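Okay, here's what each chain looks like letter by letter:
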Amino acid sequence: MAARHGRTERSIQELYRDDPERADALAFGRRGALKGTALAAMGAALGGAIPFAHSMPEGTLPALFARPAAAQGTAGSGAPQVLRMEGKAPLILQGERPLVAETPEHLLDEPVTSYANHFIRNNGGVPEALSGDPRTWKIRIDGEVNTPLELTLGELEARFPVVTRQLQMECGGNGRAFFAPQTRGNQWGNGAISNAEWTGVRLRDVLQAAGLKPSAVFTGHYGADPHLSGAADRPAIARGMRLAKAMDEDTLIAFRMNGQPIPHIHGAPVRLITPGWPGSLSQKWLTRIWIRDRVHDGAGMGGTSYRIPVRPIVPGSNSNGADFAEMESMPVRSILSSHAHGTRLPAGTRSLDLRGAAWAGDLTVRAVDVSVDFGATWTTMQVAAPANRHAWQRWTGRVTLPSDGYYEIWYRATDSDGRMQPHAAANWNPQGYGANPISRAAILVG
Amino acid sequence: MRAMILVAAIAALGIGVALAQDRQDQADAARAIEGAAEEETVLPDGEGRSETFAYCTVCHNTALIRRNRLSRDQWDGLMDWMSEKHGMNPLEGEFRDTIVNYLATHFGPAQAPARGRNPFLN
Chain L
1 MAARHGRTER SIQELYRDDP ERADALAFGR RGALKGTALA AMGAALGGAI PFAHSMPEGT
61 LPALFARPAA AQGTAGSGAP QVLRMEGKAP LILQGERPLV AETPEHLLDE PVTSYANHFI
121 RNNGGVPEAL SGDPRTWKIR IDGEVNTPLE LTLGELEARF PVVTRQLQME CGGNGRAFFA
181 PQTRGNQWGN GAISNAEWTG VRLRDVLQAA GLKPSAVFTG HYGADPHLSG AADRPAIARG
241 MRLAKAMDED TLIAFRMNGQ PIPHIHGAPV RLITPGWPGS LSQKWLTRIW IRDRVHDGAG
301 MGGTSYRIPV RPIVPGSNSN GADFAEMESM PVRSILSSHA HGTRLPAGTR SLDLRGAAWA
361 GDLTVRAVDV SVDFGATWTT MQVAAPANRH AWQRWTGRVT LPSDGYYEIW YRATDSDGRM
421 QPHAAANWNP QGYGANPISR AAILVG
Chain U
1001 MRAMILVAAI AALGIGVALA QDRQDQADAA RAIEGAAEEE TVLPDGEGRS ETFAYCTVCH
1061 NTALIRRNRL SRDQWDGLMD WMSEKHGMNP LEGEFRDTIV NYLATHFGPA QAPARGRNPF
1121 LN
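So the protein sequences, as listed, match chains L and U.
Here this note's numbering is used: the first residue of the first sequence is 1, the next is one more, and so on.
Here this note's numbering is used: the first residue of the second sequence is 1001, the next is one more, and so on.
If you are wondering where the hints come from, they were derived from the structure by calculation, not from laboratory data.
Any given hint might turn out to be false.
Between beta-carbon pairs, the in silico distance windows are [unchecked claim]:
1. U:V1058 x L:E86: 27 to 37 Å
2. U:P1109 x L:V163: 46 to 56 Å
3. L:L363 x U:S1071: 29 to 39 Å
4. L:M420 x U:S1071: 30 to 40 Å
5. L:L345 x U:E1094: 33 to 43 Å
6. U:G1087 x L:A40: 49 to 59 Å
7. L:S351 x U:S1071: 41 to 51 Å
8. U:E1040 x L:M420: 22 to 32 Å
Note that this is a predicted model, so its numbers are computed, not measured.
We treat Cβ as the ideally placed atom computed from N, Cα and C, and that holds for glycine.
Start from the sequences and build out the full structure, keeping to the hints where you can.
Take a look at the structure:
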């Protein structure tokens, strides 16, 4: 290959790092088949022979080079940065200010996500810790209600039925790094997801106590975290949802996570949990719910924020989002938690016992399938029922490998309406919501 | 009975104090990360670096900027978004050009579009 193109200045590995599209073109050639010296070069770059090279697709970068966490980082240096914070696992640090960190998929191997492994997303600054009794924390319910309420945490807990549920919480931008061309915002892989056990009262019970006026159609949420600029009159973020979702039995005003008071970084002492919809609707450090007579217009609403095209737009084009629709139930997605991307296994390994999780917003997951031959054949996994509605579902299963070499584990979920994760991130939009393509983890046997 | 309630109350108080300490520790840990100082040299060298660093790290650090690979148009549009939605002082004239040029030069699209130019955009 090097001779044919008369360039020997870069190894294919360097080429993939610096110019993946060109590397792909060189490796696969015009006819799109990987063979001869190109195959050897690719194998050398990947670190092993490629048993299923014949079905390796053109135009799809080997997972080894294409994984978002490895692909991001500072200009010039490839390695992702790691969060160093007492009590927290070494999450992928997306940014310090605002503090944002993603959980690598292999740390999501617990059925119920622990504090250590829960991802972090802040839109503003982390507020001061409450020094007094958390039971005196107040939230206000006002707007289109008959009786505006001001309730302390103590009153919430005493006055309304307390429920405990496992609930998924997923950032609206989860999977953003899979979009091409790249969109702005946190370059999440699949790790902006959690399934903790939350205890709280139902938002609907509280809204019913306040009495909704016929004019009530939407919520608007406010928290105590300061705007990044420090301006006191500007909320860090203030999103809202249709009343139907606010009245869902799984939408909670929560005050305990995994049986403990909510950790500060996750919104202590009181936060919303709006499972299956963009995580920004799960307002942290909750202080106020304003019931609106129209679609809420707070920070993070309107335009291209948490909104997706109804009519697909050209990837990379500009749009003001005027005709986009609110992003509501999150799309189907799966993670692989038993094997970290980049795992090396002993020579002679001929089968893998795989585990992971899958979820689909307000829907459930009907199937998870895995391929180790670049999607030519698929093996059906076993998918467990969710612990309760809006909890994620765990999956397990076994795949066999014909020889030593380089493999990619491709994993794909199908929701209860029959919609599968697509081969490539679809419905490109400027702020990068809803990318849920089939995921790929690279492993090397031998 | 009363002794038991008292013991329980003291225990609860003890837990309360411990939790308050946890909250404080967690807040301090998070704020230490947020407050970590950055040097201008975290950005690639080039014309406009000082201006960009000074103007763009008032609210957030450069991680937010460095992870993006955007076209000049997209960077330009983002300047308006930051003013309209987040209260950034509007950037205008030559100063705006300096910053947008710097961003487009050093944080432009990472890859050539697959299979050449995009027929719908160029």
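### Query
Range hint 41 to 51 Å: satisfied by the CB atoms of S351 of chain L and S1071 of chain U?
holds (46 Å)
### Satisfaction of the hinted span 49 to 59 Å by the C-beta atoms belonging to G1087 of chain U and A40 of chain L
Once the Cβ atoms are compared, 56 Å apart, the range 49 to 59 Å for A40 of chain L and G1087 of chain U holds.
### Query
If you check the beta carbons of L363 of chain L and S1071 of chain U, does the distance land in 29 to 39 Å?
Cβ of L363 of chain L to Cβ of S1071 of chain U: about 36 Å, so the range 29 to 39 Å holds.
### Task
Check the following: the C-beta atoms of P1109 of chain U and V163 of chain L are separated by a distance inside 46 to 56 Å.
Check passed, 48 Å falls within 46 to 56 Å.
#### Entry: 22 to 32 Å as the expected CB spacing between M420 of chain L and E1040 of chain U, which holds or is violated
Because 47 Å falls outside the window, the suggested range is violated.
### Query
How does the Cβ-Cβ distance of L345 of chain L and E1094 of chain U compare with 33 to 43 Å: does it lie in that range?
For L345 of chain L and E1094 of chain U the Cβ distance comes to about 58 Å; the hint is violated.
### Task
Starting from the hint 27 to 37 Å, judge whether the C-beta atoms of V1058 of chain U and E86 of chain L obey it.
holds (28 Å)
### Pairwise beta carbon distance, M420 of chain L to S1071 of chain U, judged against the given window 30 to 40 Å
holds (31 Å)
When held up to the earlier numbered hints, the structure conflicts with 5, 8 and fits the remainder.
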